[in-house]
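Undergrad: Sequence:
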Amino acid sequence: MSTSPTAAPLNERYDPQRVERDAQAHWVETGAFRSIEDPAKPKFYCLSMFPYPSGKLHMGHVRNYTIGDVLTRYHRMRGMNVMQPMGWDAFGLPAENAAMANSVPPAKWTWDNIAYMKRQLQGLGFALDWDRELATCRPDYYKWNQWLFTRLFAKGLAYKKTGVVNWDPVDQTVLANEQVIDGRGWRTGAVVEKREIPMYFFRITAYAEELLAALDGLPGWPEQVKLMQKNWIGRSEGVRVGFPYELDGEKKTLWVFTTRADTLMGATFCAVAAEHPIAAWAARRDPEIGAFVEECRRGAVMEADLAQIEKKGMATGLFVTHPLSGEKLPVWVANYVLMGYGEGAVMAVPAHDERDYAFARQYGLPIKPVIRHPLGERVDPPWQAVYAETGACINSGAYDGLAFAPAVEAIAADLQKKSLGEKQVQWRLRDWGVSRQRYWGCPIPIIHCKACGDVPVPDADLPVELPEDLVPDGTGNPLNKLAAFTDCKCPACGRPARRETDTMDTFVDSSWYFARFASPGNDAAMLDARARYWMPVDQYIGGIEHAILHLLYSRFFTRALRDEGLLEVAEPFTNLLTQGMVLAESYYRDAGGRREWVHPSEAEPERDAKGKIVAAKRRGDGATLVYGGLGTMSKSKNNGVDPQALIDQYGADTARFYIIFASPPTNTLEWSDESVEGSFRFLKRVWAYAVRIAAATSAGAGDPLMRRTVHEVLSQANYDLQRHQFNTVASACMKILNALETGSGRDAVTDEGLSILLRLLAPITPHIAHHLWAALGYGGEVMAAPWPEPDPAALERDEIDYVVQVNGKTRGTLAVAKSADRAAIEALAADAMSKYIENRPVKRVIVVPGRLINVVL
RNA sequence: GCCCGGGUGGCGAAAUUGGUAGACGCAGGGGACUUAAAAUCCCCAGCCAGCAAUGGCGUACAGGUUCAAGUCCUGUCCCGGGCACCA
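Using our numbering, the letters of the first sequence map in sequence onto residues 1 to 857.
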């Protein structure tokens, strides 16, 4: 390592603004983060989830991109060909809301936000390749959404059917789930209705089997995420069972799906969803049932609400025939049966299903035990979980004594003989509805022709451009009122036709952007050979809240693109790091039924004995505030912390260091701006130490103990980097500085130690590391320096400190020569522990080599 | 309600496969420097008892497995994320 005199000016005082400006200017001048395809080098594609341009960066963004940047810079120093791009998830609902509030078109609002947030990202010093920047609201991007849509449409992977939406009867508009608050429209307060409207779907279920099976081939993904996706896809094996019935003289069959065919002999009724044809039939016959069905149809759309409503039902008056016993079973219509899952109907076995049990008790329906459970054969109230366990069949005629699997086999075989059932695999996953009745999104490239039906827009006419100057008014999609957009000619027959005005779900935009980053500027193809070089993403970083939808849709799209011949891989993301959310307290004032959210910085919380917040007062006027809980930072709850203030006051390096140091990436981070000061103080100390060393002349070999400490800490830090525990890497930097500061002068050990410290810091606080590296004359740029590895010779020890326990209680430590054998260690320990052992006989001695001795008496 | 996580000092956290619980920091207390403050530096600090040596307790709660449990198992409570139109 060079010990040449100072190679760059080094001021006494640490001035982060200046250091950062200089470093950033240098990186721009040298094109430091431009990435080029180079088959000779191992590539590393590092990607953080792109932001929605909501206005300004929030803490979650800063955390996300800092983590991504640490990984990017670390792998760069390890010699990889790294690409880290950035773009904008620029379509979406908030732009329309802002447009309504400010009478500004969503496009202008979006572009202004992008410009501002881009400056913020640049100010944070992220190693981003801006040459690859994209925004999903640009025609040159969404053209390919549309192109792919027409390809999927041709294959039947995109298709039309009806779907259910929230309908605001006052504004005459479709509402997003977010816009429904306690069952009412957020702007009008009107009770929201359900509507069934035609929409386009992507047939993600065609890939269900593959999406599930491939989870096993993703060792770089957190188990937690894979488990969530597995449960979401929800493969279940069961039996499709038919219950014959006669209606108006016609023979029909009510089909249900069950995973518990072994309990078929205990079925005492069937239940259908309100949207089921049998319910519709009953509603026509009986106005009371009609009213009930209507009530169910009006109710909630969201599953979370549906699952919590009171279970209600009515008998339809229809009876079906049990396929094996021939018994007549009543059919009920019930609000807990979902039309979207399975057949929209279930068989009810109250003795062995908790929900059926509650329903049967409520309505006095028979309960017939058919399984022997661990507590016996009866199912006396109250309900117990063991009633639902599998066991031998009873009261089931020919099936008595059979266990679960053979019973299912036998019953399925008997049903099959009668053509009233067969084994079936059922998925929880539903097809992806992509139509949105909104303006600010990618137009769906379909033309409706009276003669030809739904005709996809030909390639030559793509993109279908979205007019950018409209301002929505809350009463539906303004595209519907724009003849210049809707009026067109049928591409098939040339007659006048109407253009589809629905736009695509913004998840479509974000399901392939990672691949487009690798084919920037190509106007002739969606993806090209460059995408095949960079894909898959080696490291993807983003919030855990995307564990299912975004990541699953991206996995589906990558397969669809593979099947179009555009990609060679099936999985988009080799390694996934799901960062925890940044949370903050929230408070509101009850302003006559309306919640007026007050920023947490204005609240003075009152806590109970356990430190839990129970209430708060507003600073200044002392108004009583209600504690709104700990949650994600959001505009609606007015509890965001603006990172810009932090950056302005301390600089980007302090903000980055703090966010890395405060907590491991996967933890939720409860925001507190009190402890940033310590990170700033640390960087000032690094600076001061570097100034001291730069001024001194290097002499002597230095302290081997200090060197050992530095290399021990480095060794741990390298392990922590591998497992993405960056907070302890930041700690390691502090530990190294603490060790170096105990020395008095400059020597080989401190020179090496400081160079290690700067290289460890380089991914976290790149500006100060860049500056000091040059100032100390270590040669070249710190970014280009080799990653430090511990020297095994420095880690050598001839003695090992053992922890000594007596009966499992720690009683002290014992330095033992490395060469000592087991007998010698035991003797040493017995001797050292004599005062605890007294005269009791030693039963056994446990020696964990290199760690611990436990004397058991 | 269902699926997935989490709970360790006043606070953020650490403890690699079960092996010294609390590294590294924040806030706090004491001291040095200073006319003073800021900045900086040094020392202390899980809780309880004790002048101290030391002893007892302690990783949400209740059990269990083990020579040994923050870590594994069972149950409970609380907090967070997702639930298909927020992104």
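Calculated from the structure, these hints are not laboratory results. It is possible that some hints are incorrect.
List of simulated lysine-lysine pairs, DSS-like, C-alpha gap at most 27 Å [unchecked claim]:
id : residue 1 : residue 2
1  : K118      : K160
2  : K251      : K155
3  : K450      : K368
4  : K160      : K143
5  : K143      : K194
6  : K56       : K155
7  : K108      : K160
8  : K684      : K735
9  : K423      : K368
10 : K368      : K312
11 : K155      : K118
12 : K418      : K328
13 : K252      : K161
14 : K684      : K160
15 : K684      : K161
16 : K252      : K155
17 : K143      : K155
18 : K43       : K56
19 : K418      : K160
20 : K252      : K108
21 : K108      : K684
22 : K56       : K635
23 : K118      : K108
Nothing here was measured: the structure is a model prediction, and the numbers come from that model.
Undergrad: Work down the list of hints and note, for each, if the structure agrees.
TA: Here is what the structure says about each hint:
1. Of the pairs offered as hints, the one joining K118 and K160 is violated, with about 39 Å between alpha carbons and a cut-off of 27 Å exceeded.
2. For the proposed pair K251 and K155, the alpha carbon gap of about 36 Å is over 27 Å, so the pair is violated.
3. Distance hint between K450 and K368 is unfulfilled; the C-alpha atoms sit about 56 Å from each other, more than 27 Å.
4. Note on K160 and K143: the hinted pairing holds, with a Cα-Cα distance of about 21 Å set against a maximum of 27 Å.
5. For a cut-off of 27 Å, the pair hint linking K143 to K194 is broken: about 32 Å separates their Cα positions.
6. A distance of roughly 41 Å separates the Cα atoms of K56 and K155; the hinted pair therefore is violated under the 27 Å criterion.
7. With a C-alpha separation of about 33 Å, the suggested pairing of K108 with K160 is violated against the 27 Å cut-off.
8. Taking the CA atoms of K684 and K735, the gap is near 15 Å; set against the 27 Å cutoff, the hint holds.
9. Straight-line distance between C-alpha atoms of K423 and K368 comes to about 24 Å, which keeps the hinted pair within the 27 Å bound.
10. Between K368 and K312, the direct Cα distance comes to roughly 21 Å. Compliance with the 27 Å bound is thereby established for this hinted pair.
11. The straight-line distance between the Cα atoms of K155 and K118 is roughly 39 Å, outside the 27 Å bound, and the hint therefore fails.
12. Straight-line distance between C-alpha atoms of K418 and K328 comes to about 17 Å, which keeps the hinted pair within the 27 Å bound.
13. Taking the CA atoms of K252 and K161, the gap is about 24 Å. The hint holds against a cut of 27 Å.
14. Proximity of K684 to K160 is assessed by CA-CA distance (about 62 Å); at most 27 Å being required, the pair is judged violated.
15. Under the criterion of a C-alpha separation no larger than 27 Å, the hint pairing K684 with K161 is inconsistent with the structure, at around 63 Å.
16. Straight-line distance between C-alpha atoms of K252 and K155 comes to about 33 Å, which puts the hinted pair past the 27 Å bound.
17. For a cut-off of 27 Å, the pair hint linking K143 to K155 stands: about 19 Å separates their Cα positions.
18. A hinted pair counts as satisfied when its Cα atoms are at most 27 Å apart, and K43 with K56 does not qualify at roughly 32 Å.
19. A threshold of 27 Å between alpha carbons decides the hint, and for K418 with K160 the separation of about 35 Å lies outside it, so the pair is violated.
20. Between the alpha carbons of K252 and K108 the distance comes to roughly 58 Å, so the proposed pair goes past 27 Å and is violated.
21. Restraint check: the Cα-Cα separation between K108 and K684 comes to about 42 Å, which exceeds 27 Å; the hinted pair is violated.
22. With a C-alpha separation of about 11 Å, the suggested pairing of K56 with K635 holds against the 27 Å cut-off.
23. Proposed proximity of K118 and K108 is supported: the alpha carbons are some 15 Å apart, at most 27 Å.
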